[in-house]
Amino acid sequence: MPATVTTDQTDDGSVLRLGGAFALADLTGLHKALMRAAAAGPVTVDLTEVTRLDTAAAWAIAEAEKAAQSAGHALHLEGADEGAAALIDTVRAALPDPDTQTKPAFSLLHWLDGFGRSVAAGGVFLSQLLGILGVFIARLGRSVLHPSEFRLTSLVHHCQEVGLKAVPIVALMAFLIGVVLAFQGAAQLRQFGAEVFVVDLIAVSILRELGILLTAIIVAGRTASAFTAAIGSMKMREEIDAMRTLGIDPATALIVPRVLALLLMLPILGMIANATGLFGGALMSWIELGISPGLFVTRLVENTDVSHLMVGTIKAPFFAIVIGIVGCHAGLQVGNNAESLGRQTSAAVVTAIFSVIVIDALFSVFFAQVGI
Amino acid sequence: MTVIAQNLVWGVRRKGIVNDVSLSVARGETLGLIGPNGSGKSSLLRLLSGLKSPQSGRVEILGQDIARVSRKALARQVAFVQQNAGTDTNVAVRDVVRLGRTPHRAALAGWTAEDERAVSTALEQVDMTDRRAQPWQTLSGGERQRVHIARALAQCPRVMFLDEPTNHLDIHHQIEILRMVRGLDMTSVIALHDLNLAAMFCDRIVVLQAGTVVACGPPAEVLTQALLREVFRVRAEVSLDAPLTQPHIRFLAA
Ligand SMILES: Nc1ncnc2c1ncn2[C@@H]1O[C@H](COP(=O)(O)OP(=O)(O)OP(=O)(O)O)[C@@H](O)[C@H]1O
Ligand SMILES: [Mg+2]
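Residue numbers (the working numbering), protein chains in the order written: chain A, 368 to 739; chain B, -2 to 251.
Just chain B, with the same shape it has in the complex (with noise of 0.2 Å):
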């Protein structure tokens, strides 16, 4: 397992926010993790990154708890694309892009050509290439998020997590950036709201409800009717062309 949670417990003030979720997630897994707003999930994911330590429980990635290791070890080895990350300092795509490799430079040392591969193959990736002098702060929402992808591509990460990647990408993005992450030798956990898309692409689908785990499993044993009726409140059709492969689902008016 490259993913490990225990028992993860985090809250404000006396209210919790995640209750005791465990999960754990295969090498090379895609796991999706779902759930209507403030189910949590964001804050899920940044106790999975160490950005905040939990109250009580431990997660541990490739072996090692990540409280125990320095950020800079486990930044060359986990990358996180934010939900909404931006910066008022005025830099080009190509910088930003750039900075997805500090955890591998070693201080003082040189830009190296295996730096600049990681830079333009990141770019390449998602797709930004021809616009990579351009400032950030002209960019559009979607390219923005595509240069955060790219970001956390260039880190060369073995395990990625990203929250909601592709809430403002168009419909060709979403689904050629879904796929690359997927195909790429890398386990992930992505924050999804676009239930389809998750069906799609994930190997495992985990459900979210005001903090704890409320369903996980396959997505043609997850995502059924019952449950996106109880979780997400929403009356839906779901097909499966046959047992156990990808489900689709059909949104009906109430």
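So here's chain A without its partners, still in its complex pose (with noise of 0.2 Å):
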């Protein structure tokens, strides 16, 4: 028998007379019907009729029920046999609690209490830091006077990893940047008849600040969640106490060859990096401006001082090991779980790239007061 309702109004409300077998097909009407009524005033639900009532139709009557309990009238069931009441029962007891929390009502206090907190955290963070940058000064200076602990097998397969196989990335973005630097200058330039002037902006700006600049952006993204993801899994699966208890120093086998590794193959990207974008704004000059390549290397050298590339090149060991302190750092805070581990990774690079930009920002004041 197919399921029906009928509304009947009356003088202490509405009547709703459900009758049939309730099933999911119903379930629209039925509740469209139910707080329709519910919302309009007193609603009296008869259930005689009712072959066989449904969870989706229990909780359409539990849902008008507290519909009409907030609106502030009252929800009659009529007629209800033993199993259905014992059905609507089940179902109101399972509806879910509404969402009573609100939130907190701004207060300076609450705000000061955060905000202090948050530099706290911020001062602990640096002090660990900075502690990680002790032990790995610690550890080299150990393995300058015991050479034979020193890791050369791990430094090698690191320099590898961070140096080797960021070659062609790195490469490629210097190429396309020197491109573009080549590109919008000689558009600004030729205005004025200056083009030649490109050779000096491509020059300065990729050997200043570009070509080492985002090559450590490069590697902080590439390096620093590799560093952290490979930490990290050892610390989950507690290698790093299997280690221990083998008598391995963690620093010595996991830090110091990482970060010197950086150390080492940082400078030499960034002279990579100078190069293709120097090769890069030459091939644009030639073929935007006619800037012969003979030209362009004599007016390169003349005009070029040589403090530039100094300026840039000092640069690299400060964001090495600031890339490689912060990615071991996370990894080492990566607790058992693997959502720590992913949690910890993506902080990383982030933390990393913020700080490379800081310390370049630092540098650029610092030089333009001493005036190089």
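None of these hints come from the bench; they were simulated from the model. A couple of the hints might just be wrong.
Claimed, not checked - Derived list of chain A stretches under chain B, where covered just means 3 residues or more per stretch with a C-beta under 8 Å from a C-beta of chain B:
| id | region |
| --- | --- |
| 1 | 595 to 608 |
| 2 | 611 to 617 |
As the list claims (entries may be wrong) - Computed list of chain A residues with no C-beta within reach of chain B, every gap over 12 Å:
| id | residue |
| --- | --- |
| 3 | Gln376 |
| 4 | His443 |
| 5 | Gln495 |
| 6 | Ser515 |
| 7 | Val523 |
| 8 | Phe564 |
| 9 | Leu656 |
| 10 | Val668 |
| 11 | Gln700 |
Backbone N, C-alpha and C fix where the C-beta goes; we use that ideal spot for every residue, glycine too.
Build the complex from these two chains, which are given one at a time in their own frames, with help from the hints.
Next comes the structure, spelled out in structure tokens:
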């Protein structure tokens, strides 16, 4: 027997007479009718004619009951047999409690509390980074005194991972930057007939800033995350504890080769970026502005001070240390679940890139002050 | 006494996890460590092996305070089989067991005949000789556990801590490995969940509950019906063939 819903208006509100066998297909109609009635005023739901009531219908009734209550009037059930009453009771009990959690009102105290906590957390983070830097320097010093403890194989492996494998992407990136600079510079400088100054533009911006900065950002992205993932997964699997029980010092085995490899490789990658950047710039100047490679080189050698190259290169070791330390620190912070590994990996990349840019800005201010 | 722990205390955020535990293990003795989940067995073993430093108290192994000896010197004497250590690196069984020789090798020194002998003996002791070339990732759970034990054995330790070394093993290997560990001239502390195995293979048993020692002594004295009900919340029948022999425990449905 198909389900039917009939609504009668009486003096004490509306009466909904349900009849037949209710199934999921009848839910929409029933729910609508019930909600409309519940919003309007007191409701009586008559279940006498119902032959079968399913959970969906029970849910609709329980919902309507709630809606009626919150609108300030009552919903009565009539003629429910034992099974239907029990089902409605069960569904009523299983309805989720409404979210009563309200946002705490803004208060100055609250804000100060949060602010203080994040400043303190920042301080702890910085001191932990300094701690790892200290451990790195101490273990490196120890390796100098006892060269036999030094892990050469590991260093070479990391040099390959960090340096050699990054060469293609770094070279391509720098080449494209050179092309873009030449292209944009040409468009502007042509207006003044000063095309030839595009050489200076390219040389200064690549040698001084962009070559090493963009290299450091790429390396931060690929290496800091790799360090965190590798050390973090060892931490997660209790491998670091296993190393300690075997008398292997985790700092010497894990941190020293990684940071040292970065320290050695980042300046080299920076040089490669400089070279390909200049090459890209020269190529574009030739095509766009007709500045022959010979003229480009002559102007580059005569007009560009070597101090620009120095300013760029001196930053490399600082970038390398920061990227390495941030990556290793995040790895050691990993707890014993995969979720914290993912969180730390992305945090490491963000922190490393951010620190690289902050250091670059500090250097710019410093060089501007001393006038180089 | 080979291992002496005095008043060890360790916890996190004001919650005590190991509360004032003292114990001593005689040379060659096999000490069983039992207790419900979360009672602090693993934590205690990590304190004993120096992986954690206690908030107060001290551990002495072979007459030396472990806080004062270098990890490498300690690793020549003490081996630790962890409850669930693993690796994501691709290594073969042989390489894992070889790691056990690290503390005994001088830097840059070659691989000696003695090292090779220790590795093959260890593999033999855990019955893994014919799988020496298999990659770690492809091993079954029980096989991994046996390789861990082999790695510890290759360290040729005088003291061994084992944290649930048998929880993945089939019954044959459970018995064989505990028998082998007990038979070696070695002091060992073994955390176990199988009370009958503990009764069979341990000279003495320490029962931990919520980080404190609630009983300590030979199996027949410790494993009583009252204790099983109090600590483990089970009903059991303990039968002794004769006074002070190995007790046998039969659990009853509640
Ligand atoms: N670093 C930690 N931070 C917070 N709680 C911890 C930490 N280490 C251990 N605990 C807690 O201390 C208690 C004891 O842990 P432990 O691993 O020693 O138990 P266990 O006796 O080995 O248990 P199981 O039989 O399950 O191996 C547990 O409740 C655990 O949650
Ligand atoms: Mg444990």
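Structure-based check of all given hints:
no.: 1; hint: 595 to 608; verdict: holds (count 6)
no.: 2; hint: 611 to 617; verdict: holds (count 6)
no.: 3; hint: Gln376; verdict: holds, 60 Å
no.: 4; hint: His443; verdict: holds, 46 Å
no.: 5; hint: Gln495; verdict: holds, 18 Å
no.: 6; hint: Ser515; verdict: violated, 4 Å
no.: 7; hint: Val523; verdict: holds, 15 Å
no.: 8; hint: Phe564; verdict: holds, 54 Å
no.: 9; hint: Leu656; verdict: holds, 53 Å
no.: 10; hint: Val668; verdict: holds, 48 Å
no.: 11; hint: Gln700; verdict: holds, 16 Å
Against the hints set out earlier in the document, a violation occurs for number 6 only.
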